[in-house]
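Take these sequences, add in the hints, and give me the full structure.
Each protein sequence line maps, in turn, to chains A and B. Under my numbering, the first residue of the first sequence is numbered 40, with each subsequent residue one higher. Under my numbering, the first residue of the second sequence is numbered 518, with each subsequent residue one higher.
The calculated EDC-like cross-link candidates involving lysine to aspartate or glutamate, where the alpha carbons are at most 20 angstroms apart (straight line), are:
| hint | chain 1 | residue 1 | chain 2 | residue 2 |
| --- | --- | --- | --- | --- |
| 1 | B | Lys570 | B | Glu546 |
| 2 | B | Lys676 | A | Glu124 |
| 3 | B | Lys676 | A | Glu130 |
| 4 | A | Lys405 | A | Glu273 |
| 5 | A | Lys103 | A | Asp177 |
| 6 | B | Lys676 | A | Glu60 |
Derived list of chain A stretches under chain B, where covered just means 3 residues or more per stretch with a C-beta under 8 angstroms from a C-beta of chain B:
| hint | segment |
| --- | --- |
| 7 | 127-137 |
| 8 | 177-187 |
| 9 | 240-246 |
| 10 | 294-308 |
For the record, the hints were derived by calculation from the structure and aren't laboratory data. We put the beta carbon where it would ideally sit given N, CA and C, even for glycine.
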Amino acid sequence: MKHRAAFVYSPAYAAYSFGTEHPFNARRLELTVDLLQSMGLLYPSDVEEPRPATPEQLELKHSKQYVATVEASSRTGRPVPGAAEYGLGTEDNPVFPGMHEAASLIVGGTLTAAELVASGRYTHALSIGGGLHHAGADTASGFCIYNDIAVAIEHLKRSYGVRVAYIDTDAHHGDGVQWLFYSDPEVLTVSVHETGRYLFPGTGYVEERGAGAGYGYSVNVPLEAFTEDDSFIEALEKVLPPVLEDFRPDIIVSQHGCDGHRLDPLTDLCLSIRSYALVPRLIHELAHALCDGRWVAVGGGGYNIWSVVPRAWAYLWASMAERSVPEVIPHNWSAKWAPRSPVPLPQRVTDEGFPPVRRRREIEEKNRITVARVLGGLVRRRQG
Amino acid sequence: MLVEDIMTRDVETVSPSTNICDALAIMEERRIRHLPVLAGGALVGIVSEGDLKEAQSLVIRDCREGAERRTPVEVVMRRRVFTAHPLDPIEEAALVMYRRRIGCLPVVSGGELVGIVTQTDLIRSLVELMGVNRSSSRLEVQVPDRPGMLAQIAELIRKHGVNISSVLTLPAEEAGEKKLVFRLQTIDLRRIAGDIREAGYRITWPPTLDETR
Chain A
40 MKHRAAFVYS
50 PAYAAYSFGT
60 EHPFNARRLE
70 LTVDLLQSMG
80 LLYPSDVEEP
90 RPATPEQLEL
100 KHSKQYVATV
110 EASSRTGRPV
120 PGAAEYGLGT
130 EDNPVFPGMH
140 EAASLIVGGT
150 LTAAELVASG
160 RYTHALSIGG
170 GLHHAGADTA
180 SGFCIYNDIA
190 VAIEHLKRSY
200 GVRVAYIDTD
210 AHHGDGVQWL
220 FYSDPEVLTV
230 SVHETGRYLF
240 PGTGYVEERG
250 AGAGYGYSVN
260 VPLEAFTEDD
270 SFIEALEKVL
280 PPVLEDFRPD
290 IIVSQHGCDG
300 HRLDPLTDLC
310 LSIRSYALVP
320 RLIHELAHAL
330 CDGRWVAVGG
340 GGYNIWSVVP
350 RAWAYLWASM
360 AERSVPEVIP
370 HNWSAKWAPR
380 SPVPLPQRVT
390 DEGFPPVRRR
400 REIEEKNRIT
410 VARVLGGLVR
420 RRQG
Chain B
518 MLVEDIMTRD
528 VETVSPSTNI
538 CDALAIMEER
548 RIRHLPVLAG
558 GALVGIVSEG
568 DLKEAQSLVI
578 RDCREGAERR
588 TPVEVVMRRR
598 VFTAHPLDPI
608 EEAALVMYRR
618 RIGCLPVVSG
628 GELVGIVTQT
638 DLIRSLVELM
648 GVNRSSSRLE
658 VQVPDRPGML
668 AQIAELIRKH
678 GVNISSVLTL
688 PAEEAGEKKL
698 VFRLQTIDLR
708 RIAGDIREAG
718 YRITWPPTLD
728 ETR
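Structural data, given as structure tokens:
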């Protein structure tokens with residue numbers, strides 16, 4: 040039997056925009072959808088419209104005061120007094136008119152995707168605009184106003200009573216989601232990211248394993264700066280299967296930030312598209328092996344919107360929809376966007392060999408040690 | 518910072534006659550590795566997870582279901598206990614723990630146990646000192662070792678309205694230079710880094726896309 044996948048998207052997602060000078064650029068969704076269509080990977084029948092999240096839904100994981108502060112700032116387009124304490128009105132998270140509505144639609148997209156899968160209408164669903172994993176209960180952080188992932192996971196828990204495994208492969212630690220479920224044994228969070236020693240948000244160490252009843256249900260794999268494909272893939276293949284098999288989820292929610300690519304300007308990982316083709320394939324297999332395929336995926340970070348994001352997410356959607364990605368980027372896509380792109384557009388979906396990084400062997404060795412420490416903690420929990 | 522600022526005040530303790538299986542159960546339940554041993558209110562010893570591991574044969578004999586629980590804590594506890602005072606600076610506590618290779622110090626004041634300070638407490642303080650308890654990114658700038666440099670760089674950061682979580686200064690490899698290490702509350706350092714480079718300083722982290730790779 041062929042499994043059905045939904046693509047949750049609305050052009051109205053473009054309203055989640057901090058301005059043209061800001062690195063979080065809403066145009067990346069348009070570029071991605073356009074690439075998918077020109078590759079013949081996305082049909083109109085795949086697309087489901089997101090419904091905006093209600094304030095009550097936002098308050099599943101955000102404080103009333105925080106939502107009220109976002110709403111008030113959003114009405115005027117200016118941070119209201121006290122907004123700075125919530126992380127609003129900074130260079131990272133500037134306030135803009137309609138911000139509350141735009142952010143609520145993103146949350147609604149992930150809620151819609153979660154609902155489509157949990158209700159059984161689809162096996163997989165992708166909320167391409169989602170993935171805002173840094174937002175906290177009452178803080179905007181790292182371009183994230185509302186945490187669509189945490190709200191959707193909480194909704195799944197309450198409405199369907201399911202155990203949720205969350206997998207985050209963004210280059211930045213999935214801190215917001217982790218802290219919002221840190222003492223919850225029904226939600227496993229796994230984040231594989233560049234070490235916080237240098238990179239934002241500075242957390243995600245191996246020893247962050249959860250608290251109280253949730254001890255052992257937060258898993259972190261902090262990788263060295265300049266980690267390349269082989270080491271990244273090795274870490275994922277060693278950690279994800281045993282951790283998920285041990286947890287036995289009812290549904291998987293995954294975040295697909297692609298900012299660990301070598302050409303991304305904000306992080307120091309040195310991955311290529313090969314990693315971003317592998318991640319969804321691996322999660323797809325785990326979903327079928329462990330929870331009848333139930334899988335909700337969201338987007339995430341990705342700041343090279345021309346050369347990286349559309350290709351990485353083409354692989355994500357193709358894996359969910361079980362379609363194959365053509366090797367050559369269609370000419371009509373390149374011709375349409377080249378005049379607007381500040382960099383030459385890629386001609387192939389895969390990357391040509393990047394030169395190896397200087398300290399490859401030491402980096403691989405250090406990452407293996409990190410993975411061993413992660414797995415050592417898993418064994419301790421099983422015995423405990 | 519003083520020991521009293523970081524110590525745990527609500528200390529789990531046992532008595533010399535507590536059975537080792539019960540002591541182990543307390544450690545597992547509370548996820549702790551050390552138990553001070555009190556007799557008549559006075560600190561008479563300490564027992565650690567490691568001590569119980571060393572006495573594994575006793576643990577195995579006593580803790581089987583239905584087995585007679587014969588071994589009290591006083592058989593395995595250490596009687597020589599290194600302690601701290603609430604007013605000790607934390608670096609002193611760290612030094613004792615490092616030199617003696619021990620994982621915790623009971624805190625004693627006026628002859629009474631008032632707290633305990635562990636490696637975990639020290640690491641947490643270090644993390645807070647380094648500013649990593651707030652979401653932040655690391656920025657390293659190399660500057661000439663002379664007055665006013667920190668203020669100049671801080672001024673360039675201030676212009677972006679970005680909060681500084683912490684700052685450290687370290688000697689640089691080159692003579693006459695030093696390194697300023699900031700944790701800044703932003704995900705995107707590029708504009709600040711750009712301004713600092715433009716002002717003529719060398720950024721040693723983060724690397725630009727062309728450097729180091």
